[in-house]
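Undergrad: Take a look at the letters that make up each chain.
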Amino acid sequence: MRAPAAFLALAFLPGPCQAAELVQYQIENGEIRASLTGQPGNPVRGRAIVAERQKGLCLLCHTGSFPEERFQGDLAPTLAGVGARMSEGQLRLRMVDGTKVNGQTIMPPYYRIDGLARVAPAFRGKTLLNAPEIEDVVAYLRTLRDDDAGQSK
Amino acid sequence: MWNELRSAGVIAALALCAGARAEDARRSGFDDMGPGTQAMQREDSSNPGMLSALEGESLWSAPAGPAQTSCASCHGEASASMKGVAARYPAFDTASQRPLDLAGRISQCRDQRQQAGPLPRESRELVALTTYVGLQSRGQPIAPPEDARLTPFRDAGKALYSQRMGQLNFSCAQCHDENAGGHLGAALIPQAHPTGYPLYRLEWQATGSLQRRLRNCMIGTRAEPFTYGGLEYIELELFLMQRAAGMAIETPAVRP
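As you go down the protein sequences, you meet chains A and B in turn. FYI, in our numbering the residues of the first sequence are 1 to 153. FYI, in our numbering the residues of the second sequence are 1 to 256.
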């Protein structure tokens with residue numbers, strides 16, 4: 001797993017995600033309080049990740065205030081106001097691994113590589129998002145304080 | 001005698017269906033399609049899946065193998081001999097001691113009876129023959145055989161249906177039981193009843209099998225699909241056919 005050859009091979013794979021080495025984190029009272037990067041994320045980049053279907057995938061299930069994005073899903077709570085409903089640490093835990101909050105959730109674990117079955121070779125050993133991207137999305141979600149936004153049904 | 005018994009069984013099954021219908025919340029994917037796509041399926045002249053069925057019809061009587069036998073040489077008119085067959089598959093194959101889906105049975109017959117070699121999975125010919133045989137059961141209720149030898153395979157299919165898979169970590173059940181009727185992006189999540197296979201999928205621009213459709217879902221969850229013809233797909237089909245028991249066969253269906 002940690003052989004140099006494996007590292008080299010993975011380093012040349014395209015894609016957003018990092019291999020093998022995940023940042024360690026602590027879960028306390030339903031939160032991951034510390035930033036995975038030690039830095040605050042960038043909400044502008046975070047918004048782009050959330051809106052982009054192939055990257056964040058968020059709008060396949062969630063609605064939110066994205067007037068430019070049509071065909072948002074309705075399988076999960078709206079993102080509108082989520083920054084008021086949840087703390088930064090709660091959002092971070094839900095992004096990293098929502099199954100830690102609710103074992104039955106359909107939300108994919110965005111920062112986990114273990115305990116997954118039959119992952120396709122192209123995605124094996126990779127997280128959906130890397131640590132800076134998780135922080136960007138968390139920073140963006142924290143800006144969503146308005147409960148009334150995104151109610152376009 | 002056997003025919004009488006079987007008729008009685010069918011009547012009993014139909015009566016059960018009729019009784020259950022009032023509370024049956026099951027929906028075929030057909031029920032949720034737009035009127036245009038429904039009309040395309042309903043009218044044989046506009047249903048693109050019928051092209052595959054027609055090709056299958058000519059293959060049915062095309063000689064193959066050293067003895068130049070065709071399906072028709074043994075089975076005669078498909079409209080008589082194949083009626084209701086697709087509604088009972090997958091079935092247990094004594095020779096291989098495992099369940100076979102309809103396509104697998106056709107390919108096995110081609111290989112062992114006609115000695116013309118197996119037909120590759122998802123090949124045009126195999127899809128065509130399967131569609132033609134499936135068409136002979138159109139309108140009939142799905143009637144999985146009561147064969148105890150199938151039970152462990154069906155149970156394995158049920159377990160697979162509930163197993164999370166892929167980087168996105170979804171199980172079939174999470175979408176098609178718990179969230180059926182909801183929308184993944186723009187797409188309505190159907191209840192995933194295998195009533196119409198092989199079917200013409202507009203997204204494919206082709207007629208394809210249930211295994212091809214299951215494969216699409218697995219790729220969508222970023223899972224490694226099972227091998228075509230693999231036992232896992234047949235186990236899943238056994239479970240799905242049981243889950244859809246009593247619903248009408250639509251082959252060849254049309255889906256978005």
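Among the hints, a few may not be true.
Pairwise CB distance ranges (calculated) [claimed, not checked]:
id : chain 1 : residue 1 : chain 2 : residue 2 : range
1  : A       : 104       : B       : 27        : 16 to 26 angstroms
2  : B       : 202       : A       : 44        : 29 to 39 angstroms
3  : A       : 38        : B       : 98        : 52 to 62 angstroms
4  : A       : 44        : B       : 54        : 48 to 58 angstroms
No lab work stands behind these hints: they were computed from the structure. Glycine residues also receive a C-beta, built at the ideal position from the N, C-alpha and C atoms.
Undergrad: Run every hint past the structure and note whether it holds.
TA: Hints versus structure:
For the hinted restraint 16 to 26 angstroms between residue 104 of chain A and residue 27 of chain B, the CB-CB distance of approximately 23 angstroms keeps it satisfied. Here the CB-CB span from residue 202 of chain B to residue 44 of chain A is close to 38 angstroms, well matched to the stated 29 to 39 angstroms. A hinted range of 52 to 62 angstroms for the beta carbons of residue 38 of chain A and residue 98 of chain B is consistent with their spacing of about 55 angstroms. At about 56 angstroms, the CB distance of residue 44 of chain A to residue 54 of chain B agrees with the hint of 48 to 58 angstroms.
Checked against the numbered hints above, the structure breaks none of them.
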